[in-house]
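Following the working numbering, the numbering of the sequence shown begins with 1 at its first residue and continues without gaps.
It should be emphasised that the hints constitute simulated quantities derived from the structure, not laboratory data.
Because the structure is a prediction, the values reported are computed rather than measured.
Take these hints with a grain of salt, some might be off.
Computed Cβ-Cβ distance ranges for the label pairs, DEER-style [claimed, not checked]:
| id | residue 1 | residue 2 | range |
| --- | --- | --- | --- |
| 1 | E489 | V525 | 43 to 51 Å |
| 2 | V85 | S389 | 46 to 54 Å |
| 3 | S281 | D313 | 16 to 24 Å |
With a Cα cut of at most 20 Å, we get these calculated SDA-like pairs of lysine to any residue [said to hold, decoys possible]:
| id | residue 1 | residue 2 |
| --- | --- | --- |
| 4 | K513 | V299 |
| 5 | K400 | E481 |
| 6 | K386 | I348 |
| 7 | K322 | A292 |
| 8 | K351 | K397 |
| 9 | K113 | L244 |
| 10 | K351 | L402 |
| 11 | K287 | S271 |
| 12 | K513 | L244 |
| 13 | K259 | R124 |
| 14 | K191 | E269 |
| 15 | K523 | Q272 |
| 16 | K503 | I451 |
| 17 | K351 | V299 |
| 18 | K65 | V85 |
| 19 | K134 | K73 |
| 20 | K113 | Q192 |
| 21 | K397 | E381 |
| 22 | K150 | D313 |
| 23 | K259 | E230 |
| 24 | K523 | K73 |
| 25 | K73 | T52 |
| 26 | K125 | L55 |
| 27 | K73 | Q192 |
| 28 | K286 | E269 |
| 29 | K76 | L55 |
| 30 | K113 | R124 |
| 31 | K65 | S120 |
| 32 | K98 | L268 |
| 33 | K322 | E350 |
| 34 | K259 | W66 |
| 35 | K191 | Y514 |
| 36 | K397 | G347 |
| 37 | K513 | E531 |
| 38 | K400 | I451 |
| 39 | K523 | V189 |
| 40 | K287 | V299 |
Even glycine gets a Cβ: it sits at the ideal position worked out from N, Cα and C.
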Amino acid sequence: MGMAGVAARSAKLSTICCSAAHLPSMRASSSSPPLSRQITMAAQSLAARLKTSGLLRSQGLIGGKWVDAYDGKTIKVHNPATGEVITEVPCMGSRETKDAISSAYDAFQSWSKVTAAERSRHLRKWYDLLISHKEELGQLITLEQGKPLKEAIGEVGYGASFIEFFSEEAKRVYGDIIPAPIAGRRLLVLKQPVGVVGAIAPWNFPLAMITRKVGPALACGCTVVIKPSEHTPLTALAAAELSLQAGIPPGAVNVVMGKASDIGDSLLESSQVRKITFTGSTAVGKKLMAGAAATVKKVSLELGGNAPCIVFDDADVDVAVKGTLAAKFRNSGQTCVCANRVLVQEGIYEKFATAFSKAVQNLQVGDGFSEGVAQGPLINEALLHKVESFVEDAISKGAKILLGGRRHSLGRTFYEPTVMGDVTSEMLISREEVFGPVAPLVRFRTEEEAIRMANDTNAGLAAYVFTSNVQRTWRVTEALEYGLVGVNEGLISTEVAPFGGVKQSGLGREGSKYGIDEYLELKYVCLGNMEH
């Protein structure tokens with residue numbers, strides 16, 4: 001999706017107050033520029049400070065060296081809240097990617113032979129550096145992705161947790177001994193790193209979606225070529241800089257960005273790349289899966305969702321409202337596990353709709369650096385148009401706007417937190433992932449109907465259930481065709497639990513002790529003539 005052109009911030013932003021804790025003082029005076037301009041100036045000042053600190057990188061990383069695109073071309077990275085250009089980064093393609101692959105392949109020969117304890121120490125140092133720079137990294141995330149600063153700093157902690165967890169798991173990659181059916185033999189099972197990994201990450205979690213892949217890869221001895229989103233490459237580059245400072249050897253971590261199709265094709269075509277891990281749309285995931293067939297690579301895919309959030313009559317309304325709010329409006333609805341459909345049993349529908357709408361109405365929208373803001377902008381105009389089209393389709397088919405339903409007065413890509421009632425399965429918003437701050441409420445009568453509605457989709461990533469009935473909890477969670485289920489909880493992601501979907505929401509799992517297996521190959525060794 002292309003970024004909107006650079007534009008001046010709307011004068012309506014004068015209603016926003018900036019947080020003095022994170023941006024320079026902006027006391028107004030008769031000679032001061034408008035507050036919208038002050039916000040832009042403050043963001044530019046912050047970018048300059050980050051550059052001075054060494055965390056705002058504007059080059060790719062290949063073989064431990066910071067490099068430009070070979071043809072000198074660049075792409076602009078925008079602040080989605082203002083449209084201003086933060087910096088420019090290399091627009092790389094196949095040549096740079098091939099060199100990054102070669103660098104990773106060379107580094108694999110030595111990194112894979114480093115002891116697990118030493119790899120663990122390097123990863124732990126990387127974790128320590130991420131945490132010690134969490135404020136700056138959070139600011140960088142808000143600059144290029146737009147999410148509120150508190151949420152961005154929270155992502156740094158979440159993203160760093162994968163590096164910490166897999167620094168510990170590096171020492172727990174165990175093999176096996178199998179009792180031999182024939183005398184004089186010993187049967188062993190070894191676990192060995194798969195090799196060079198191509199890691200393709202999305203823009204909505206520019207740090208966590210990278211560390212969740214790179215952490216286990218490095219832990220077991222793999223090396224990586226990271227391809228971040230062209231919308232949010234700066235966080236990936238900052239994390240890569242800190243990996244070098246942590247002593248992870250040159251070539252073990254490489255970062256290329258730019259021409260997505262050329263980079264992807266190079267990763268797929270190379271016989272030196274033995275695994276592709278991708279988080280993003282189902283459509284792109286299918287193309288990567290097909291492309292990986294030519295060289296029979298291992299593939300991990302975390303794709304789109306259509307998460308149902310089921311609220312039963314016996315639910316605690318306060319718990320359900322709080323959980324649904326978190327599941328739906330985190331990151332302005334721009335996550336793959338966001339509640340896409342809120343299924344509410346008819347006996348509690350009106351009560352829930354009223355309480356939920358009231359809670360949503362209290363969400364403050366604005367620039368992510370502003371105090372009290374809970375909802376930032378959408379990433380770009382293309383996504384804004386998608387959200388608008390879904391809402392218009394639902395209205396045309398009989399849905400009612402309970403709250404919001406239009407662009408925010410702040411302009412640009414800000415959209416009002418929205419609640420819709422009387423939504424049906426014929427509407428686009430019930431069939432496809434909206435990826436925005438729109439909560440559609442759907443009535444249901446029985447438990448069986450709720451399960452049928454929830455499973456009536458090709459997606460199968462996350463689902464949420466709110467009930468006080470223990471027996472129902474077991475029945476429904478076991479019947480739901482989803483890889484993740486939250487019961488009376490809207491925020492369920494954690495580094496210690498396996499994350500991934502079923503059906504067309506993907507293959508494999510990330511995080512937890514199961515996540516490292518995605519980067520390992522099993523080797524069976526038969527030792528004969530062992531009795532002499």
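For which of the previously enumerated hints does the structure constitute a violation, in increasing order of number?
-> Result: hints 2, 3, 5, 6, 7, 8, 12, 13, 14, 17, 18, 19, 21, 22, 24, 25, 27, 31, 36, 37, 38 break, sorted rising.
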